[in-house]
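Trainee: Residue strings, one per chain:
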Amino acid sequence: MATAKSAKKSNTSKEELLEYYREMLLIRRFEEKAGQLYGMGLIGGFCHLYIGQEAVVVGLEAAADEGDKRVTSYRDHGHMLACGMDPKGVMAELTGREGGYSKGKGGSMHMFSTEKHFYGGHGIVGAQVPIGAGLAFADKYLGNDRVTFTYFGDGAANQGQVAETYNMAELWDLPVVFVIENNQYAMGTAVKRSTKSPSLWERGAAYGIEGEEVDGMDVLAVKAAGEKAIAHCRAGKGPYILEMKTYRYRGHSMSDPAKYRTREEVQKMRDEKDPIENVRDLLLQGKHASEDDLKAVDKEIKQIVNEAAEFARESPEPSLDELWTDIYA
Amino acid sequence: MTTEILMPALSPTMEEGTLAKWLVKEGDEVSSGDILAEIETDKATMEFEAVDEGTIGKILIDAGTEGVKVNTPIAVLLEEGESASDIDSGAKAAPASEAPAADSGASLDDTDTAKPMSTQPAASVPEPEPVEDPEVPEGTTFKSQTVREALRDAMAEEMRSDEAVFVMGEEVAEYEGAYKVTQGLLDEFGAKRVIDTPITEHGFAGLATGAAMGTLRPIVEFMTFNFAMQAIDHILNTAAKTRYMSGGQMSVPVVFRGPNGAAARVAAQHSQDYAAWYAQIPGLHVAMPYSAADAKGLLKTAIKGDTPVVFLENELLYGQSFEVPELDDYAIPFGKARIWQKGDDVTIVSFGIGMKYALEAAELLGKDGISAEVIDLRTLRPMDTKTVIESVKKTNRCVTVEEGWPTPSIGSYISSVLMQQAFDYLDAPVINCTGKDVPMPYAANLEKHALVTTDEVIEAVKTVTYK
Ligand SMILES: Cc1ncc(C[n+]2csc(CCOP(=O)(O)OP(=O)(O)O)c2C)c(N)n1
Ligand SMILES: [Mg+2]
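From first to last, the protein sequence lines are chains A and B. Using my numbering, the letters of the first sequence correspond one by one to residues 131 to 459. Using my numbering, the letters of the second sequence correspond one by one to residues 26 to 492.
Everything labelled a hint here was simulated from the structure, so no lab data went into it. Remember, it's a predicted structure, so these values are computed and weren't measured experimentally. Among the hints, erroneous ones may be present.
What the hints assert, rightly or not - When the alpha-carbon atoms are kept at most 30 Å apart in a straight line, the in silico DSSO-like pairs for lysine-lysine are as follows:
no.	chain 1	residue 1	chain 2	residue 2
1	B	LYS487	B	LYS473
2	A	LYS425	B	LYS83
3	B	LYS50	A	LYS398
4	A	LYS322	A	LYS270
5	A	LYS432	B	LYS492
As the list claims (entries may be wrong) - Far from chain A by the CB rule (all over 10 Å, computed), these chain B residues:
no.	residue
6	SER36
7	LYS83
8	GLY92
9	VAL161
10	THR225
11	ALA288
12	ALA293
13	LYS361
14	TYR467
15	GLU484
For every residue, glycine included, the Cβ atom is placed at its ideal position computed from N, Cα and C.
Generate the whole structure from the sequences, applying the supplied hints.
Mentor: Next up, the structure:
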C-alpha cells in the first residue's frame, strides 16, 4: 500500500528501500495467495497474476502524487495494491463476494476505486489506452495539474486505438504517461513475433511523443523515469512514453501450459533480475536492514495477505438483488 | 502446524488430474515459486508451484497417480521447526481443508481448452437421433467427435480442397488456438496458410476482407467474439455491404468465426451473445451451431460459399461430443432448421448453447407428460421460420430459448413472425426465455441467475400449455 506519496524522491533512503520492499512483497504474496485460492476453486474465470512485474507499479506509485490517476488492463491486482487499495477488498472481489471493490460483480479484471483514483481493470486489450487519455483530457480541461498513468502491454501496443490515442494525446498536449509493460509476451506470442519495430516506445516519435526504455525490474530506475515523465506532463509538455522492460513469471492466466518459452528462461529471470531480490540485496548490503528485519517484514506481509484471504472467504456472496442494481444512473 | 498441499485446479473446468511427476522429494526445502510437481489436465501438462516455504514432510500421492480430485491433499509441508512427527496431529488443520470444491460451472481461461463437464449441455441429455437430416444418406456411419474436432476437420478439409482458403487470428498457429480449435493446422498447412496475427482485430478483419476481395478465402478466428467488437466496422460496413455496393461485381468470401456467448465467471466484458446483433445485418450469413455435426457441416458450407459469414461457436460446447456422419464432403445448407425431437404440445425453438436448456427442459417435460417439439435453427440468417411455423401449426404454442439479451432478441423476432404468419394457430402468447437484461456479473451466484435456465424454460412451457 503506497501511503507516503510525498516522501522524498531524490536519494534513496533506508525508509524508501524498505517501503519498496514491503510493497513489492505484498503484491507478490498477494498474487501467490490468489493463485492458491484459484487452485482451490474459490476464484474462477480469468485471473492474471502480476508476479515478476512488481517493480513497475511500485516505482511509479513512488513517483506519483496524491490525485494522480491510473488505469490498466485485466492484469491489475498489483496496480490496485500499489495505489493503496485495500487487499481485503481486492481479494474479496477475486472471490466474487459482497466485500469486494465491485461487490463481486466485476471480478479479477474489473475493479475500480474513485477514492484511490483507480479507473480499472479493463478486459478488452488496448481499450484502457484512450480511456487514460480521456482522464488526462478531463484534468487538462478542468485546469488541475494531475497526471494519468495509462498502463498497457506489449501486445496491446499493436492495437489501432493506441496509435489513434498517441496522435490525439500529443496533438492536445494531454498529461498522460503511457506505460508499456513489456513483459515480452502477449499470451503465447513473443514480441518479435508480433512486430518488427525494434522498440515499442520509439513508435511515439512518429507522433512527436518523447519517451524512453526503462529497466522495469529495477524499482529505483522505474521511479526515476516516472519522476521525469511526470515532470514533463506537469510542465504542460504533453504525453510521455515509458517502455518498461519486465517479465511475467507465471502463465498468461491460470491455465497456461507455457509451451512458448523454456523453464530455463523463466528461471534465469528469477535468478538474475528479480525486483524484490534486488532491493533485498540493496537493503542487506547497505546494512539498512538485517536478515531478521526482513523476516519481520515478510511475516507482517504474510499476515496482511492471510487476513485478506480470510476476509475474501468469509465475506458473503452478493445478494441476488444486486443482479439488477448499478445498471442505470 | 503443518500445511497440506492440495491438488490444485489448474483451469476453471478441471475437476481431477494426473499427478504426472514430483520434482521434489521428502526432506527437500522449498520456497514459494519452486516447482513442486507436474500435473496433467486433459489437454495440457502444467507445472505446480509452491506457495509457502518449508520442507516437504511427506508425499501423500505417488507420481503417476491418475484421477486425483481437486483439493485432495497430495503432500504435507513442514514449517520451520516442525518435523515429520508433527504430521499426523497437525495436518488436518490445513488451511485449505474447508475450501469448497472447484465451482462446477464450467469456465475457461483465455488459454485453456474446454473439456466436457458433467454439468454441461448434452452430457445429461440422451442424444436423440437427428429426426430430419436429409444431408445424411441412409447407411452412413457416424463417429463420435467433439465440436472442437469437427470445426478443425471442416477447416482442414476445405483447406485441402482449395488453396485459396487460409486461417488467420491471434494464437491460431503456434499455440494452435487459444481454445485449440486450430490444432494441427500449422503442421499440415504451414505458416503461409495458418497465420498468427498481432492483437489488432480491426486491422486483420479489414485485411482479411480485402484479401477476400482479392479472391482469397480467409477464415478469421476471433479469440472470442467479444473482441470482434473492435472489428465490427469491417464486418458490417465492408464485408456485408460490398457485393451490394458494387452492383454485384464483387464477392467477399470471408468467414469470421470464434466462440460467442458466456463462458463462466469471465464477467461482463467477456460474456455476451452476439446472435441478435449479427442476425440483423443484410449481406451477412450467420450460423450458430449446437452439435458437432452441424458445426462441421455448416462451417464447410460457410467456407465454400461466396457470402461473408459470421460463425458463432461456443466455448462450453467445444469439448462436447456428438455423432458426426462419416462423409467425404458433409456440407449443410444454410437456412434449414434441424428438428431434434418431435412433439405435439409445444414447440421449443433455440440455437447454439440455448439448445442445452431446450433439450434438458424437453426431457424433463416429457416425464411430466408434456411432449415438446425441439427445433434448432442452426442458422439465424437466413432463418428457417417455415419449419417453426409448420411446427406451431401443429402444437399451437411456442417458447424460444437463447442466451442473449431480451430487447430485441432472436426470440422476439420469432414471436413477431408467428404473430404475423400463424396468428390463428396460437393458443397462447409466445414466451421468450433469454439471458437477463443485465451485464454479466462475476459472482458465481449472480452469474447463475443472469443466464437463462432450464427451469425457466420448463416454467414457460407450463405457462403456454396452461399446465
Ligand atoms: C481486443 C482483445 N483481443 C484479444 C483479447 C484476448 N487477450 C487477452 S490478454 C491478451 C494478450 C495481451 O498481451 P499484452 O498486451 O502483452 O499484456 P500482458 O497479458 O502480457 O500483460 C489477449 C490476446 C482481449 N482480451 N481483447
Ligand atoms: Mg505482454
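Trainee: Which of the stated hints cannot be reconciled with the structure, identified by number in ascending sequence?
Mentor: 4, 5, 6, 10, 11, 12, 14
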